[in-house]
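Student: Next come the chains, spelled out residue by residue.
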Amino acid sequence: MDLEDTKEEADYRASVRAFLDANAEPRSRSAAPARFYQVNEDRLKIAKAWQAKKAAAGFAGIRWPTEWGGQGLSAIHDVIYQQEEGKYAVPKGVFEIGLGMCIPTMMAFASKEQLERYTGPALRGEEIWCQLFSEPHGGSDLAGLRTRAVKDGDDWVINGQKIWTSGAHLSDYGILVTRTDPNVPKHKGLTMFFIDMHAPGVEVRPIHQMSGASHFNEVFFTDLRIPDAQRLGEVGDGWKVALTTLMNERLAVGDEPRPDIDDLFAFAQKFERNGKPAIKDPVVRDRIADWYAKSKGIEATRYRTFTRLSRGATPGPEASIGRVVNAMKQQEMARFALEMMGAGGMVSDPSVSQNGGEFQLSLLSSPGARIAGGTSEILRNIIAERVLGLPGDVRVDKDMAFKDVPSGRG
Amino acid sequence: MDLEDTKEEADYRASVRAFLDANAEPRSRSAAPARFYQVNEDRLKIAKAWQAKKAAAGFAGIRWPTEWGGQGLSAIHDVIYQQEEGKYAVPKGVFEIGLGMCIPTMMAFASKEQLERYTGPALRGEEIWCQLFSEPHGGSDLAGLRTRAVKDGDDWVINGQKIWTSGAHLSDYGILVTRTDPNVPKHKGLTMFFIDMHAPGVEVRPIHQMSGASHFNEVFFTDLRIPDAQRLGEVGDGWKVALTTLMNERLAVGDEPRPDIDDLFAFAQKFERNGKPAIKDPVVRDRIADWYAKSKGIEATRYRTFTRLSRGATPGPEASIGRVVNAMKQQEMARFALEMMGAGGMVSDPSVSQNGGEFQLSLLSSPGARIAGGTSEILRNIIAERVLGLPGDVRVDKDMAFKDVPSGRG
Amino acid sequence: MNFEFSDETQEIAGQGRRFLAGKDCLKTVRASLSGGEGSDAALWREMADLGWAGAAIPEEYGGHGIGYEALCAIAEELGRSLAPVPFAATNLAAEALLRTGSEEQKQAWLPKIAAGEATGTLALSEGNGPISEDAVTVRYADGKLTGTKWPVAHGATADFAVVVARDPDGRIVQVLAELGDGVTRTKLDSIDASRPQARLDFDGAPAALLQSNEDPWDATLSVIDRAAIITAFEEVGGAQACLDMAVDYAKTRYAFGRPIGSNQAIKHKLADVFVALELARSNAMMGALGLLSGEQDLSLAAATARVSSIQAFVTASSENIQTHGGIGFTWEADPQLFYRRANALALGLGSQDFWKDRLISALERRHAA
Amino acid sequence: MNFEFSDETQEIAGQGRRFLAGKDCLKTVRASLSGGEGSDAALWREMADLGWAGAAIPEEYGGHGIGYEALCAIAEELGRSLAPVPFAATNLAAEALLRTGSEEQKQAWLPKIAAGEATGTLALSEGNGPISEDAVTVRYADGKLTGTKWPVAHGATADFAVVVARDPDGRIVQVLAELGDGVTRTKLDSIDASRPQARLDFDGAPAALLQSNEDPWDATLSVIDRAAIITAFEEVGGAQACLDMAVDYAKTRYAFGRPIGSNQAIKHKLADVFVALELARSNAMMGALGLLSGEQDLSLAAATARVSSIQAFVTASSENIQTHGGIGFTWEADPQLFYRRANALALGLGSQDFWKDRLISALERRHAA
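Chains as they are written, first to last, in this note's numbering: chain C, 1 to 410; chain A, 411 to 820; chain S, 821 to 1189; chain V, 1190 to 1558.
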């Protein structure tokens, strides 16, 4: 039992390091990685250039088949690359969804000609893809979507709205799941397409979050017309196609949301109250010990997942563990840090606030972490059903035509 | 705004005190009241004598109509009596279910002759009643009961089993809800009876709890034969009758389960570790303050309930609040007290254990408190549905004949 | 047993609720996040006309003398509506003045407060850390204040402040400072911009001693105890608003063909919020009873109410967001506004750790007695 | 990345599980509650024959030397089956001997332990309170022990004890005492009678010093760190058994016409138990890695594993009862047996407060370094 690479993994890690050392600067712990939503025109250029460099060096599309320019390697190689890349000051977050989810879906359902057209530019960072699944009325009920696609000759005409679309404002293409038949039960009337995000009839609006960030977008479709050739999979098979996409959801390789437990511990060592460092207060020790044990437990659980990957297995839904624990922990830790500060904890002004206001920001961003990408409630359902084998919730809409499913006010 | 009695309440309280002062000894805080399950033959005699004395003095059946020997007073009088009686060393717990739930059900559904026969002996403590509702297969699904009553001439023949029956081993009579028609949905095929607990075909076995106590019994019916005259309400109306009984469930007038927050605080003041009283440890202060705020919140909520009673209103399901909070709090406090003791906390031996092992006993009795009389989950459902007006759970068995309702292994 | 607001008080609360419902406070609160004023001075003057600013000020000082019970009920309505007004800060200052001000000082400020013509605040904190006598370093000598206080609620707009300082002998004093000459005020960004915070730099600002028979630090804590009880009602009102909002959403928002409120995950979460809220409300009312009965040492009742009400509002506001799902954490939706207020109120008067310690200390005193 | 038990270890675990499944340990455990023996000596000898008693004892001392990884895996199976054997106590004593015993002492006891012919224990606690050097008062002078230790796990039946005591200069020493002459042993009722506790009164009982280069108190804590990691696996095994039991019950028990496990109240509760269990298992494995790699200071890994595993087993055992409903809190049903064990294990090696403090102290040392 150890945490070491196999010989082959170690060799691969060395080659990754060599590439990164030659082409990037190490990142200091204090610097958070550049995030998606912070990407502006200039940063986007840098991100695209970095992706092109990775592609040229053979570190893009690590798990893609070689046929389409990928490396044909396994998930553990992907993990190793990401672990190493995380230590360098390089842009992140712009291409993950396209390369990890959209194009693999294309590979399963698009034509050879289409793949010849789209895989290369995606791989080299020339074109960006997004995934258009969630809708305002759906919420956790992903298949309850209402965006309509209606056949008109050889085309489809699309009207409706998507929401929570990461990167839509940067994207050139997107994969889009629509309802083509409301007269059958909800999972059966869906059809998947890919679309040009610059086409007339597509409008992208950023969503302003309570933390001040804008990670997500709303996307509106007004008589968007696309050829049937852009259909992915059969008419009515959209749910099956969407599951393919979701199966490729990215594995978290590390990095709790910041400020993390180490930040909190450092703060409690540095911050003095009642004449001594806060960490000397037994209540502070008690709480931090709890969170530390959780945090390290998640880290060690990740090592167990990597071990399975290393042995060729696919990680299961137990990956949800980290997200269930982290989201709540982040909120609790932020609150606790502010409580230590007393009345001063209200103040987020960087001119006076401790730690540049990072705990105040975390207080405002953590509620989103308990929701985005699947609420904690949905994740618990997934664990209960897929890991523990407990029965599903009662499904009243199961055999009902979608148009007849009760939908309340919306 | 105040916590004072009205003039009339104060007068009533004074009369209660005068009766108690003349007939009973004050109870010291350190003495827990004698409980139901601890009743033996000798204690039962004392309990019966006390009940007879109360009846003679006009402090039994406080809310019963005067027609049947009661006092015709309101719930607030009942509360005042219980508050005062709680301060005296008198037996408790033997007659509450009979006088509070069974006989009121009889009053609603039995004949005048029957009431003439049964109310007096119950009121004077000569006969004890129990309530036979819960079944092993039912659990939280009270109406899912299976004890069968089959008509045979003018009689009914009863076979089946009840469980969690408080006081069955002491009881002379019981009210019993049975299934008379399995071919209709579950709530519709029930019928209520009252039975003689000494009749052939009734067998009572105590249930041994993990804490060592035996508060409850199982009751088995084997070809128990009872005349149709002992039916309460119409055939098939048993659920309606049972709801009448349950509506009379006793209001808690005080007394958290012991050891309570005051016991814990006293322990933390007395118990020294690391060279100082435990209460000087900030972690101990933090936890006890939390529980104290909850405990006082429940107490003050009770005052609000009494205020509504005092004004003639009926208390609603918000009375569940105390039970939801107390059960978990009791378990947490017991665990915390043992943690303070370290390894010694394991030891329940009264020869060496702190506080005579009361926290160890509480550790073992508190899991039952989260379940008995409605699990915390059921109580939350009740709050959500009846107080907040949220929708009920999906009911798959709603329109199904009882015999067709899936029942799993049991 | 008469443990409920009187009919008169409920009447005042009802009027208040109707008045505030017409004011769209949430709009002002949201605007404050984008650089708006934060506090709504016009609204505050209207409230003063209704008698709310002077609710607890005796008639001899121009107040309405309707007393603490009405003040608590009004606080609850302000909390429910998230009203962006200097209610808590001004009350705190008025309470301090009533307790320790000279007749002249009372006559100078209390009528103006009651009329909505002046607002006050308490300047106690000096940066991060719990409420503590040792943390006070601002100096008061020769009628002048020197040093820095932050955060001070509504400090950028208040007309005067009751400042906790030290005299040349190192003893704690309470002084009254008009916020003008010799005071530099800097607005500070905070998590709840609708109750704006400021930094006050005193550079020899003139101020006058507040006198009392009480030890000035004890007097300060007594005032804070009273404020904690009033604030508990604000928090109860806010928590109730969050619960109502979440319940309404859960009933009308559908997923999987049924209201999301038919899921136990939502039902039990909201039942727990209800439980926390009811405990907080009951403890707040016990605090109100203490205020009404004129007891001097309210620390146990105040701490109990404060601990419960912090927990109730923070939980209710947080779970309201969670119940709303995605829409819940957007800038445009209302839940975030309550979440900000809940967390700000949880910190402003000293956080839970201070109050839990105060609660246990009060229990120890009681058992020692 | 190879963060999983080896195939050999998994094989040993599998054999152990099959062996224990045939033993109906729960029957013995339940009998212990009604005055039964508690520990099952015959079962322990059988386990010794399987090599479990000497798993971590080198072959030169008659052990099987299969090492810590196997020991961890065996501990997990013992936890799962609730085996009523002096495993933890004897291991603790053997570990102390291995660390600080003389060659002669090792030769005298370790082979007997490995053969199942002798059991040992650690006598550290002196009544209630956290693990602490200051709490040690038993005196060791002129080769004799005087004073009282309680609770001592399996103290009524163990053949020898490693006793933490003070020499005439007040310094901490570890000594080895055969539990015979001069020792009065009194069985004490405890919450888990299947791991019985005793009080040992030493009245001039003969004992021999254990020597080491380490400070004896540090050596004691080091032994406890190691024991905490092994115990974490017992707790993980126990928690897994509780989760399995609860899931099985929730799938097959029906109410309202469907399995109770289709209710989110049950599903989410059990999902939370799963999460706690997986975190505990992962932290226990990090602890095992520390044991295997022979690191000297395991305090951080041990404390992390212990905190997680206490929480996991206590939660799992408690929610298993809750999932079972009424039947869950009866004497005859199995859930209470796991609940008793979970709470006893949570206290026996020092409770969470001790370990949380130890965790933070270890972090502080690391950051200071």
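Mixed in with the good hints, there may be bad ones.
Cβ pair distances, simulated, as ranges [said to hold, decoys possible]:
no.: 1; chain 1: C; residue 1: Asn23; chain 2: V; residue 2: Ser1482; range: 56 to 62 Å
no.: 2; chain 1: C; residue 1: Gly312; chain 2: V; residue 2: Ser1482; range: 34 to 40 Å
no.: 3; chain 1: S; residue 1: Pro878; chain 2: A; residue 2: Ala432; range: 57 to 63 Å
no.: 4; chain 1: C; residue 1: Arg395; chain 2: A; residue 2: Val560; range: 49 to 55 Å
no.: 5; chain 1: S; residue 1: Asp987; chain 2: A; residue 2: Gly766; range: 51 to 57 Å
no.: 6; chain 1: A; residue 1: Glu644; chain 2: S; residue 2: Gly887; range: 52 to 58 Å
no.: 7; chain 1: C; residue 1: Arg386; chain 2: V; residue 2: Ser1482; range: 31 to 37 Å
no.: 8; chain 1: A; residue 1: Glu644; chain 2: C; residue 2: Asp404; range: 48 to 54 Å
no.: 9; chain 1: V; residue 1: Leu1481; chain 2: A; residue 2: Glu659; range: 35 to 41 Å
no.: 10; chain 1: C; residue 1: Asn23; chain 2: V; residue 2: His1556; range: 28 to 34 Å
no.: 11; chain 1: V; residue 1: Asp1404; chain 2: S; residue 2: Asp987; range: 32 to 38 Å
no.: 12; chain 1: C; residue 1: Gly58; chain 2: V; residue 2: Ser1482; range: 32 to 38 Å
no.: 13; chain 1: V; residue 1: Ala1210; chain 2: A; residue 2: Pro616; range: 31 to 37 Å
List of simulated lysine-lysine pairs, DSS-like, C-alpha gap at most 30 Å [claimed, not checked]:
no.: 14; chain 1: S; residue 1: Lys1007; chain 2: C; residue 2: Lys270
no.: 15; chain 1: A; residue 1: Lys417; chain 2: A; residue 2: Lys598
no.: 16; chain 1: C; residue 1: Lys398; chain 2: A; residue 2: Lys497
Hints listed in this document are in silico derivations from the structure and should not be mistaken for laboratory results. This one's a predicted model, so the numbers in the text were calculated from it and none came from an experiment. For glycine and all other residues, C-beta sits at the position ideal for the given N, C-alpha and C.
Student: Now tell me if each hint is right for this structure.
Tutor: Consistency of the hints with the structure:
no. : hint                               : result
1   : C/Asn23 <-> V/Ser1482: 56 to 62 Å  : violated (35 Å)
2   : C/Gly312 <-> V/Ser1482: 34 to 40 Å : violated (26 Å)
3   : S/Pro878 <-> A/Ala432: 57 to 63 Å  : violated (49 Å)
4   : C/Arg395 <-> A/Val560: 49 to 55 Å  : violated (38 Å)
5   : S/Asp987 <-> A/Gly766: 51 to 57 Å  : holds (54 Å)
6   : A/Glu644 <-> S/Gly887: 52 to 58 Å  : holds (57 Å)
7   : C/Arg386 <-> V/Ser1482: 31 to 37 Å : holds (35 Å)
8   : A/Glu644 <-> C/Asp404: 48 to 54 Å  : violated (39 Å)
9   : V/Leu1481 <-> A/Glu659: 35 to 41 Å : violated (58 Å)
10  : C/Asn23 <-> V/His1556: 28 to 34 Å  : holds (33 Å)
11  : V/Asp1404 <-> S/Asp987: 32 to 38 Å : violated (52 Å)
12  : C/Gly58 <-> V/Ser1482: 32 to 38 Å  : holds (35 Å)
13  : V/Ala1210 <-> A/Pro616: 31 to 37 Å : holds (32 Å)
14  : S/Lys1007 <-> C/Lys270             : holds (26 Å)
15  : A/Lys417 <-> A/Lys598              : violated (47 Å)
16  : C/Lys398 <-> A/Lys497              : violated (59 Å)
Hints 1, 2, 3, 4, 8, 9, 11, 15, 16 from the earlier list are contradicted by this structure; the remaining hints agree with it.
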